[in-house]
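Throw the hints in and build the complete structure from the sequences for me.
Number of protein chains: 2
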Amino acid sequence: MPDVIQRQLDQALGGDRLSLARLISLVENGSPLVPHVLGQIYPMTGRAKLIGVTGPPGVGKSTLVNQLIARLRDLGGKVGVIAVDPTSPFTGGAILGDRVRMQDRATDPGVFIRSLATRGHLGGLSLAARDAARLMDACGYDYVVVETVGTGQSEVDIMDLAHTVLVVLAPGLGDDIQAQKAGILEIADILVVNKADRDGADQLVAQLNAMLDLARDQSWRPPVVRTVAAEGQGLDQLLASWCGHRAWLESDGRLAARLTRRAGRELEELIGRQAATRIIAAAKQRGVWDQIVADVAAHRCDPYAAATRLLGDDSP
Amino acid sequence: MPDVIQRQLDQALGGDRLSLARLISLVENGSPLVPHVLGQIYPMTGRAKLIGVTGPPGVGKSTLVNQLIARLRDLGGKVGVIAVDPTSPFTGGAILGDRVRMQDRATDPGVFIRSLATRGHLGGLSLAARDAARLMDACGYDYVVVETVGTGQSEVDIMDLAHTVLVVLAPGLGDDIQAQKAGILEIADILVVNKADRDGADQLVAQLNAMLDLARDQSWRPPVVRTVAAEGQGLDQLLASWCGHRAWLESDGRLAARLTRRAGRELEELIGRQAATRIIAAAKQRGVWDQIVADVAAHRCDPYAAATRLLGDDSP
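Chains as they are written, first to last, in numbering that gives the first Met the number 0: chain A, 0 to 315; chain B, 0 to 315.
FYI, nobody ran anything at the bench for these hints, they're computed from the structure. Think of the CB as a built atom: it goes at the ideal place given N, C-alpha and C, for glycine as much as any other residue. Any given hint could be a false lead.
Partner residues aside, some chain B positions facing chain A, computed with beta carbon under 7 Å [unchecked claim]:
#, residue
1, Ser61
2, Gly243
3, Thr259
4, Ala262
Coverage of chain B stretches by chain A, computed from C-beta distances (three or more under 8 Å per stretch; other residues unrestricted) [unchecked claim]:
#, segment
5, 268-275
6, 286-295
7, 301-307
Here's what the structure looks like:
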């Protein structure tokens with residue numbers, strides 16, 4: 000590992016925020032140094048409590064996260080925040096606007112806020128979020144809050160890193176958006192109805208409870224918590240619900256079992272990625288890669304057979 | 000390949016819709032037979048023109064697709080439609096409601112409509128959509144329209160299969176949703192402002208043109224087309240814009256170059272997946288897999304090092 004990175008790592012672990020920010024940029028950019036950095040810090044990770052916050056646009060997630068940061072700070076720990084934008088912005092304007100709302104926390108030395116945006120590689124964003132959370136964890140952040148906007152598969156993938164997932168909704172977003180909530184209910188450990196002082200909040204809470212009644216058997220039934228984040232209302236109950244979920248998670252080996260499943264999936268991903276890189280490099284060196292790709296593109300050879308052939312050449 | 004699948008394949012290629020539907024279910028469920036089916040049909044694919052339609056909820060995509068199907072039918076070809084729902088629904092209600100709006104096409108024997116929903120495996124939905132489009136292509140559908148709801152990375156991945164991507168927006172969806180349009184502008188070949196008879200349409204068109212002016216140099220500038228799909232307005236211009244994009248794409252080897260890049264990415268994916276499956280199976284057989292996963296989960300070993308070790312054991 001280059002000296003400069005090693006120095007950044009030592010400084011970040013010693014509490015230097017700028018060095019931490021630079022290491023997270025390495026992760027965001029998918030640098031080839033990531034495995035070395037992660038390898039060094041990995042034994043120091045696993046202490047932070049990871050909280051995911053997701054939901055459709057317009058429900059007030061940033062305001063809620065802002066309040067949540069304040070409450071977690073009151074508990075006495077350091078808080079890291081990762082704001083993930085799964086869209087690939089043309090201008091970057093959208094996410095910056097969002098970040099501004101969190102700025103009253105930005106001067107607190109116990110709070111570290113970082114945005115992550117996609118750099119275009121498939122699935123890269125959920126990997127980057129996971130590794131950024133590990134960096135914060137190793138650098139002594141007791142809580143890491145990962146916020147993401149939206150209701151698609153990418154948000155579900157990103158939320159996979161969290162121990163507790165808060166899905167935030169709000170009344171009055173219209174039928175089309177509410178229909179989407181079905182998808183994110185599945186991943187919710189806690190449901191938050193924000194802007195609960197608005198018309199339609201009672202209905203939304205009733206609707207969510209009805210959907211939860213229909214849900215498959217589950218030992219944890221997500222509580223539905225009402226908040227008015229802009230006024231600081233409902234945060235006590237939210238914090239209590241979160242503590243309740245932690246207690247449930249840490250009992251009967253549930254957290255350990257969940258982390259083991261995730262470790263298996265992560266290994267599978269990493270193995271696939273590393274193997275593909277090696278096999279393609281070998282095929283290029285033998286001068287056959289371009290021809291195989293051209294054959295597949297021209298429908299002379301099917302991609303499944305081509306993949307198997309390349310694997311057969313290069314694996315036991 | 001089992002006889003029953005071979006028979007279904009022969010019948011689907013002969014025009015039987017039920018058999019085609021069953022083969023698409025294989026693809027949707029990630030059946031191990033997919034490589035065999037795809038291997039057989041792959042030489043017959045590459046003829047269909049693939050059109051992607053995406054955009055946030057509430058812009059009237061289904062109505063627009065419905066009109067588009069009618070126009071494509073007027074051109075004289077058969078039309079396949081794949082409606083992809085990247086959320087993983089709790090109840091399945093959302094997508095069914097959407098499908099109902101397309102039902103006036105369902106009795107036309109030259110139209111085949113199919114919904115795809117996620118079965119939970121990472122990235123599985125974009126693979127399933129791609130292979131479903133290939134099945135339709137091989138079965139003689141001249142146009143395949145792939146519709147997806149949303150603005151996240153999963154939609155971007157799904158749209159990767161299309162030759163021409165229509166991004167549909169509408170006036171009056173509120174700031175939060177409009178902010179998201181930034182992400183999908185990047186993948187648009189044609190921008191459609193639907194519900195263009197509503198207040199704010201002129202502003203939205205002006206805004207989009209301003210964003211396009213800021214865009215990186217590109218040899219294709221996406222046209223901004225106004226439609227009122229519910230009244231059938233603007234469809235002529237949309238069809239003309241699509242023809243224009245096809246002509247641009249097919250000149251100077253652009254389409255071929257694009258398909259070659261996609262073939263390379265697909266091969267990389269398939270190689271990674273197959274390699275990981277083999278390597279993990281081998282590790283399980285040696286009885287070391289569970290221990291390695293437990294070591295990673297307990298932070299005794301970092302996942303990058305573990306992946307490299309497993310690869311080293313099993314690869315040249």
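Worksheet item: Does the interface hint hold: is B:Gly243 within less than 7 Å of chain A, judged Cβ to Cβ?
Response: At about 22 Å, which exceeds the 7 Å cut-off, the nearest Cβ of chain A leaves the hint on B:Gly243 violated.
Practice prompt. Grab the minimum C-beta distance from B:Thr259 to chain A and call the hint holds if it beats 7 Å, violated otherwise.
Written response: holds, 4 Å
Fill in: Within 8 Å of chain A's CB atoms, at least three CB atoms from the segment 301-307 of chain B: coverage verdict
It holds, with 7 qualifying residues against the three required.
Worksheet item: Okay, the segment 286-295 of chain B and chain A, do three or more residues pass the C-beta test at under 8 Å?
Response: holds (count 4)
Worksheet entry | Interface hint for B:Ser61, Cβ within 7 Å of any Cβ on chain A | Where the cut-off is 7 Å and the nearest Cβ of chain A is about 11 Å from B:Ser61, the hint is violated.
Discussion item. Closer than 8 Å Cβ to Cβ for three or more residues is the test here. Does the segment 268-275 of chain B pass it with chain A?
Written reply: holds (count 8)
Worksheet item: Against chain A, with CB atoms and a cut of 7 Å, does the hint on B:Ala262 hold up?
Response: holds, 4 Å
When each numbered hint is compared with the structure, violations occur for hints 1, 2.
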